[in-house]
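Protein chains in written order, with the numbering used here: chain A, 2 to 111; chain B, 537 to 934.
If you are wondering where the hints come from, they were derived from the structure by calculation, not from laboratory data. Be a bit skeptical, because a hint or two may be false.
[What the hints assert, rightly or not] Here chain A is said to cover these stretches of chain B; the calculated rule only asks that three of the stretch's residues, wherever they fall, bring their Cβ under 8 angstroms from a Cβ of chain A:
no.: 1; stretch: 606-618
no.: 2; stretch: 717-731
no.: 3; stretch: 861-871
no.: 4; stretch: 887-894
All C-beta atoms in this analysis are idealised placements derived from N, C-alpha and C, irrespective of residue type, glycine included.
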Amino acid sequence: MPAIDEPSLPEEFSDLQPYLEWALEPERARTEMRVASSMVEIRDFYDTVQPRLEAMIRYLEDFRDDPMPAPAHRLYLISLSLVEVANLVELYKRREVFEGCDPLRYASDQ
Amino acid sequence: MAMKTELREKQWVEKYPDVGTEPLPTEPYLSQERFALERDLVFRRSWINVGRVDEIPGIGDYFVRDIAICKASILVVRGSDGIVRAFHNVCSHRSNTLVLDERGTCPGRLNCHFHNWVYSDTGELLWVPDEENFFDLDKRDHGLTPVNMDIWEGFVFVHLDPEPAQTLQSYLGGVADQLAGCPFDKMPLSQTYRVEERANWKVGLDAQNELYHFPFQHRHVAGDAFRTNDKRQSRYQDLRLYNYHSVWSCEYGESHKLTPIASTLYKFDGILRAFTIPQMIGEMDFFTVFPNFVILLYQLGTSTSYLTYHFWPLAVDRTIWEIRVHFREPLSVRERIRQEYFKCISRDTLQEDTAMHEAVHSGLASRAKPHIILQDNEIAIRHFHKVMEDRIGAGLPT
Ligand code: FES
Ligand SMILES: [Fe+2]
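All chains, full assembly: derive it from the sequences and hints.
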């Protein structure tokens, strides 16, 4: 949890505040979030974050050699959740892979 | 870019007429007897990849791999002398499994948890509690049991036969020649998936070992990713059949459309240093290393990387499909997110594959069909089964 007074996301990205619950790690937590979300929630998340991706990357590049401050790190994790759900919105247009197995069978070691 | 892929039909059987064109029997996917032969004549008598040396960079680092079909647990450890060795993960006292975790670092010695016999990280028996109470026990005779091991390009292979018929290098043959010097060590392991599938291990390997299904089964993700002819049928750029192994290579399709996320992630990120692998044949190369190992090299933006697959048979109808994802150290945040994106969209495709492997196995198990039928672009599958038949035929008592 962010300390008192510390913004949870970098100021420039305060519009993404409602999507803070997608700032998850490790990978498995993001997959679990995807599985637990409705398509309406996933689409809403995508529609807000995808247009900001370029700005997010440009912002984050400044921290690439240092340990990221916590707000930047949360922003980074949100970008990883975006790519986790990318196919659902961009290609499948539904919550599940077509004729696929349960995503949680892909148990990762991270 | 000029296309290197020839689109004509039946070109590969012309190159390799010996593999034949006949249908293949379905019984080898189902028979218990056959499974036992694969265990004794293939898995016990082939070089089996168990991992990479990069997994154990430091003195005392170890990992344990189970070759379940042979009921073997293999301990691979880097000793205090820096040398990597493989042992049966079994205590000399009463055969307890020595190391229980999958990986770790030992402080120069390994203790058995049963009666605390202690071994060095190079395999000698160092200490036996209450040694005086044993009968003529000479510790020098009771070190860990070594397993034949060799390393190729950082890949650790073991051979369960005490006297392997071939060296690893000659076993790998053309694969070793083609990939000699490949910078695998620049692309560290990023993620491992292990999926237990209700299918024979060869069903999954076969399903991966061709490009024919891409425009159909993977139509949503990768339908137009690879080069196809004017009828949208996949064609290989190259195909090579080796002594036991094979590689097929393909080019990416020109019509492949980038999604909004992909366009952002594949945007030029100011990094001019492209990372390419001169050993690659096409833009994606799928090496099948007999019997159960795959090295899949592919281009990804300005970078290149690879996946490995292992198909670990548990029973005739149960398999662990292990997928290892490797990436070079990303040079930008954009590249790092691109790697994650690639992993996620691959994982979606793999979910389609797992469901398909199980559906195919169910169909085979119904025994409705005595044969499977293969086309020219499924020639690597044919080659694999021919190698398998040869190995099993040669090992049978005459
Ligand atoms: S079995 Fe290992 S010390 Fe007894
Ligand atoms: Fe597939």
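**Message:** Output the indices of the hints that this structure fails to meet, ascending.
**Reply:** As far as the earlier hints go, only 1 is violated by this structure.
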